[in-house]
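There are 4 protein chains.
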Amino acid sequence: MSKAILLISCPDRKGLVAKVSNFLYTNNGNIENADQHIDAQTNTFFMRIEWALKGFKIPKEKISGEFAKIAHVFDMRFSIHYSSDVPRMAVFTSRFTHCLYDLLLRYREGQFNCVVPLIVSNHPDAKSIAKSFDIPFFQLPVAKKTKKSIERKELALLKKEKIDCIALARYTQIFSESFVKVFENRMINIHHSFLPAFIGSNPYKQAYLRGVKIIGASSHYVTKELDAGPIIEQDTVRISHRDSVADLRRKGEDLEKIVLSRAVRLHLSRKVLVYNNKTVVFE
Amino acid sequence: MSKAILLISCPDRKGLVAKVSNFLYTNNGNIENADQHIDAQTNTFFMRIEWALKGFKIPKEKISGEFAKIAHVFDMRFSIHYSSDVPRMAVFTSRFTHCLYDLLLRYREGQFNCVVPLIVSNHPDAKSIAKSFDIPFFQLPVAKKTKKSIERKELALLKKEKIDCIALARYTQIFSESFVKVFENRMINIHHSFLPAFIGSNPYKQAYLRGVKIIGASSHYVTKELDAGPIIEQDTVRISHRDSVADLRRKGEDLEKIVLSRAVRLHLSRKVLVYNNKTVVFE
Amino acid sequence: MSKAILLISCPDRKGLVAKVSNFLYTNNGNIENADQHIDAQTNTFFMRIEWALKGFKIPKEKISGEFAKIAHVFDMRFSIHYSSDVPRMAVFTSRFTHCLYDLLLRYREGQFNCVVPLIVSNHPDAKSIAKSFDIPFFQLPVAKKTKKSIERKELALLKKEKIDCIALARYTQIFSESFVKVFENRMINIHHSFLPAFIGSNPYKQAYLRGVKIIGASSHYVTKELDAGPIIEQDTVRISHRDSVADLRRKGEDLEKIVLSRAVRLHLSRKVLVYNNKTVVFE
Amino acid sequence: MSKAILLISCPDRKGLVAKVSNFLYTNNGNIENADQHIDAQTNTFFMRIEWALKGFKIPKEKISGEFAKIAHVFDMRFSIHYSSDVPRMAVFTSRFTHCLYDLLLRYREGQFNCVVPLIVSNHPDAKSIAKSFDIPFFQLPVAKKTKKSIERKELALLKKEKIDCIALARYTQIFSESFVKVFENRMINIHHSFLPAFIGSNPYKQAYLRGVKIIGASSHYVTKELDAGPIIEQDTVRISHRDSVADLRRKGEDLEKIVLSRAVRLHLSRKVLVYNNKTVVFE
Numbered sequence: 001m002s003k004a005i006l007l008i009s010c011p012d013r014k015g016l017v018a019k020v021s022n023f024l025y026t027n028n029g030n031i032e033n034a035d036q037h038i039d040a041q042t043n044t045f046f047m048r049i050e051w052a053l054k055g056f057k058i059p060k061e062k063i064s065g066e067f068a069k070i071a072h073v074f075d076m077r078f079s080i081h082y083s084s085d086v087p088r089m090a091v092f093t094s095r096f097t098h099c100l101y102d103l104l105l106r107y108r109e110g111q112f113n114c115v116v117p118l119i120v121s122n123h124p125d126a127k128s129i130a131k132s133f134d135i136p137f138f139q140l141p142v143a144k145k146t147k148k149s150i151e152r153k154e155l156a157l158l159k160k161e162k163i164d165c166i167a168l169a170r171y172t173q174i175f176s177e178s179f180v181k182v183f184e185n186r187m188i189n190i191h192h193s194f195l196p197a198f199i200g201s202n203p204y205k206q207a208y209l210r211g212v213k214i215i216g217a218s219s220h221y222v223t224k225e226l227d228a229g230p231i232i233e234q235d236t237v238r239i240s241h242r243d244s245v246a247d248l249r250r251k252g253e254d255l256e257k258i259v260l261s262r263a264v265r266l267h268l269s270r271k272v273l274v275y276n277n278k279t280v281v282f283e
Numbered sequence: 001m002s003k004a005i006l007l008i009s010c011p012d013r014k015g016l017v018a019k020v021s022n023f024l025y026t027n028n029g030n031i032e033n034a035d036q037h038i039d040a041q042t043n044t045f046f047m048r049i050e051w052a053l054k055g056f057k058i059p060k061e062k063i064s065g066e067f068a069k070i071a072h073v074f075d076m077r078f079s080i081h082y083s084s085d086v087p088r089m090a091v092f093t094s095r096f097t098h099c100l101y102d103l104l105l106r107y108r109e110g111q112f113n114c115v116v117p118l119i120v121s122n123h124p125d126a127k128s129i130a131k132s133f134d135i136p137f138f139q140l141p142v143a144k145k146t147k148k149s150i151e152r153k154e155l156a157l158l159k160k161e162k163i164d165c166i167a168l169a170r171y172t173q174i175f176s177e178s179f180v181k182v183f184e185n186r187m188i189n190i191h192h193s194f195l196p197a198f199i200g201s202n203p204y205k206q207a208y209l210r211g212v213k214i215i216g217a218s219s220h221y222v223t224k225e226l227d228a229g230p231i232i233e234q235d236t237v238r239i240s241h242r243d244s245v246a247d248l249r250r251k252g253e254d255l256e257k258i259v260l261s262r263a264v265r266l267h268l269s270r271k272v273l274v275y276n277n278k279t280v281v282f283e
Numbered sequence: 001m002s003k004a005i006l007l008i009s010c011p012d013r014k015g016l017v018a019k020v021s022n023f024l025y026t027n028n029g030n031i032e033n034a035d036q037h038i039d040a041q042t043n044t045f046f047m048r049i050e051w052a053l054k055g056f057k058i059p060k061e062k063i064s065g066e067f068a069k070i071a072h073v074f075d076m077r078f079s080i081h082y083s084s085d086v087p088r089m090a091v092f093t094s095r096f097t098h099c100l101y102d103l104l105l106r107y108r109e110g111q112f113n114c115v116v117p118l119i120v121s122n123h124p125d126a127k128s129i130a131k132s133f134d135i136p137f138f139q140l141p142v143a144k145k146t147k148k149s150i151e152r153k154e155l156a157l158l159k160k161e162k163i164d165c166i167a168l169a170r171y172t173q174i175f176s177e178s179f180v181k182v183f184e185n186r187m188i189n190i191h192h193s194f195l196p197a198f199i200g201s202n203p204y205k206q207a208y209l210r211g212v213k214i215i216g217a218s219s220h221y222v223t224k225e226l227d228a229g230p231i232i233e234q235d236t237v238r239i240s241h242r243d244s245v246a247d248l249r250r251k252g253e254d255l256e257k258i259v260l261s262r263a264v265r266l267h268l269s270r271k272v273l274v275y276n277n278k279t280v281v282f283e
Numbered sequence: 001m002s003k004a005i006l007l008i009s010c011p012d013r014k015g016l017v018a019k020v021s022n023f024l025y026t027n028n029g030n031i032e033n034a035d036q037h038i039d040a041q042t043n044t045f046f047m048r049i050e051w052a053l054k055g056f057k058i059p060k061e062k063i064s065g066e067f068a069k070i071a072h073v074f075d076m077r078f079s080i081h082y083s084s085d086v087p088r089m090a091v092f093t094s095r096f097t098h099c100l101y102d103l104l105l106r107y108r109e110g111q112f113n114c115v116v117p118l119i120v121s122n123h124p125d126a127k128s129i130a131k132s133f134d135i136p137f138f139q140l141p142v143a144k145k146t147k148k149s150i151e152r153k154e155l156a157l158l159k160k161e162k163i164d165c166i167a168l169a170r171y172t173q174i175f176s177e178s179f180v181k182v183f184e185n186r187m188i189n190i191h192h193s194f195l196p197a198f199i200g201s202n203p204y205k206q207a208y209l210r211g212v213k214i215i216g217a218s219s220h221y222v223t224k225e226l227d228a229g230p231i232i233e234q235d236t237v238r239i240s241h242r243d244s245v246a247d248l249r250r251k252g253e254d255l256e257k258i259v260l261s262r263a264v265r266l267h268l269s270r271k272v273l274v275y276n277n278k279t280v281v282f283e
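Protein chains in written order, with my numbering: chain A, 1 to 283; chain B, 1 to 283; chain C, 1 to 283; chain D, 1 to 283.
Just so you know, the hints here were simulated from the structure itself, not pulled from any lab data.
Among these hints, one or two may not hold up.
Repeated chains share a single entry, so a pair holds when one copy, or any two copies, can fit it.
Straight-line distance between alpha carbons at most 27 angstroms, and here's what the computed DSSO-like set of lysine-lysine pairs gives [stated by the list, open to error]: (1) K251 / K3; (2) K69 / K19; (3) K160 / K147; (4) K54 / K14; (5) K271 / K205; (6) K62 / K3; (7) K144 / K160; (8) K127 / K251; (9) K54 / K19.
Model the full structure from these sequences, guided by the hints.
Structure (structure tokens):
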């Protein structure tokens, strides 16, 4: 069944819900899901509304134009997504392949509403996995000197494949500010700590040395500042003095897989809105 | 600030949200919170909508009558609650007073939107606690023979004090079907297990004997069937072979307090709707 | 580094620890790990002790005989395991392959101290997975009529391959009492509910209908009574009224994988002792 | 029943367990609990052993001297504690009294093996609570100028009352290095964040602004560096974009109470050993 999803954010005002729901009702739209949130601090209104296109009076290609008239009145930022336009997601990875494997298995099981046309890595480790899932693999090693030119290659590749979003499945390279800008709020990273604790490299070692009793994993949109983007999802697991750094890694990897896959799923389902470097997640 | 909360459940149909939001908008209502849910299995629509009464064109005493016209068209069951009508909650308890204490401390801190005009117990243990919180205490011991007459007394007392809902803070007596009927979906119990496991008496002992690795607590509306009513909230905590029944009790009591207080808070905030012996909880 | 692990259970008495640790010390054993537990209810002593074999004065093949002299005095049940004797684990599965996949990926990553010489299934679904991991696959469909003869085949196969333990990765057939007896405390099942709630088939549907707010998964040794064996590990995850049965399945499968793999890992590390249909787990 | 608890830490060597358990066995001691841990990184051995004094051949006042002979040989740091010597714990608090209340209720219920001879606060808020629990209350307001002299008063008070340890139940003053030194590894703080995230003041506001999806609480021994001491216990709870700072505070306070009480209980049960600014917790 073909569906449309409308995402809105704007200053809160009387009549917002009435206006939007009337727009759907008068055009014979059947709402299947609706969520809203008012951020009291900034007086911002957020809405996600999902309706069946069957019988909807406005043809798909004109919906956005028609809705823009309402949006204009209310100073809305909005986007409309159609279930028939399946997002195209690239996966970047490096040496650790557990997150890649996990994403691909869920992808094959149909948990993600997307197509994965390519996998990129700066290392060769994931090549055979990509092959076993029949997904083109591009090994693009990054060095300080080649970084700029590699990013250009990557961007060309992503453009050619019409990539909508990127999942960083334990990809270890830091992107340039200009690359990040292109995929703003569309590039999802997994950091293997309970952010904002243990930013940067080797967070399990950091956690071990600090002697915490719980470790975590955090999935966030990438911004120019390292591990500081809007957090989409986090989870934690209990550890003890008996756990070595290797035990932390093993326990943490289970979190990483689950947290990244949840974030990817929420993003692909258009359930995440970003504002003020934070997320509204309509679960 | 005076607010109204409207709770709706009805068969799902096109135009429901538009109709309700128009009702508010055309009467100059400012929506401060709205949540909805469609149960796909039964095609049932649920809504909770909260708006500021300031400037609302319909006077408070006429809102229900006006809305009934819409409700009639859509076969809605609905209720309207006003923040100015503070619910009156009775607390029943027995020998274990940790949940009672916890509720009263939260009540004093202002966590609950209610008035507690009385505490009832079949034991004397809570008397001094009630006194220290300046709440009238009624000791009504129940025996097989006296059960009927005691329940009559209780009902008279609750009626006299205009009690809206009852929190059972580890109250050990089982109510008659007729008593339960009077407080249908308004009497909240805490059961010290992860329901539906370990129904009935001494669930910590049952859990210990079964050798589970996690224990729980469950808060639910009381129905005529023991520990089988609609679940409002649950939580769990990890245990190990090192934990005795006494350890389970100690760990479990922390859960009981938190789970009961969450359920009471959700109920008093009018965030719980019941259908099919289940709950929709608009958190 | 070659190690030995000694597991003991016996009535508690003075001098147990001294006797065991002296046995190791006087034979030049270096303890690397030791755990003990006294079950106060039954006055039973449990111990797990791990030591390096390098420099140990008693040759490996005589250790058990020597220790038996002590064991006799204290009425001990004991077993000694050597890191050089890698356990051989069979995996049984049916149609749902997520647990199988998860086990095999961890196996390949070296998380399990075992060899997996064969995979058995009553369905063909796992065949290609087995092949991609280079593990022999045996499809043995079970019907009421053929059950006895199939179990005989299975037992012959397991005997031939010297199988020490079996992981049931969502295997849907119920074994006969005699089969269970052969693999007592060596056959690990994953049940997709928070036992003892929702025993039997379709626990996600059961959980959905009951309206619980948390679901779980439980790993246990198989006994003749369905889903009633000693629980090794459990975990839970929060759900809400928004989750359909399919959502419960998706969320639950993440639990199943983690809980089964933890139980398998604990078993293979000789960290689980069984008594009174419960487990002592030395994590 | 009178018991002794022996805590040991020393470089790991062969024969440690044998030596200690022989000491107990030859003196007719019945071990009721024993836990040990080897930190592989630093090759350090930790042990906690608990035995019944009834029938023990060495009189209580001579045990320490006798054991010192063994300790000397193995370079052990050790301490022996007797269940008959009930620890004396002071509680310090400020304006927020939920942790104080929680500790006192558990204290009255018998959850803590201690005596609380006094409550100290820099504010008057807890006065009536102290009175209702019949515990002497000392209001000692701290200002920059008076800090030194107040700390002298506090130390005198604590000395006079023979205080063994201090629970800081949301006490907001920072102690001087010399004060901290006196109560090294004996002063337990609760910090209302998941350390090391959100050190310092107003962690709930910090968490809100960062947009985390989970908040936490951490209990640790106080060291001269703010919120950087050895962590004893932590716990976390899920939040969402719907939660205001006030909601974070409410949810977090439940964690604070539980985490602080667990840490206090573990400390009083002599189950915590400190090394390298980390803890070994023998639960």
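Hints violated by the structure (listed by number, smallest first): none
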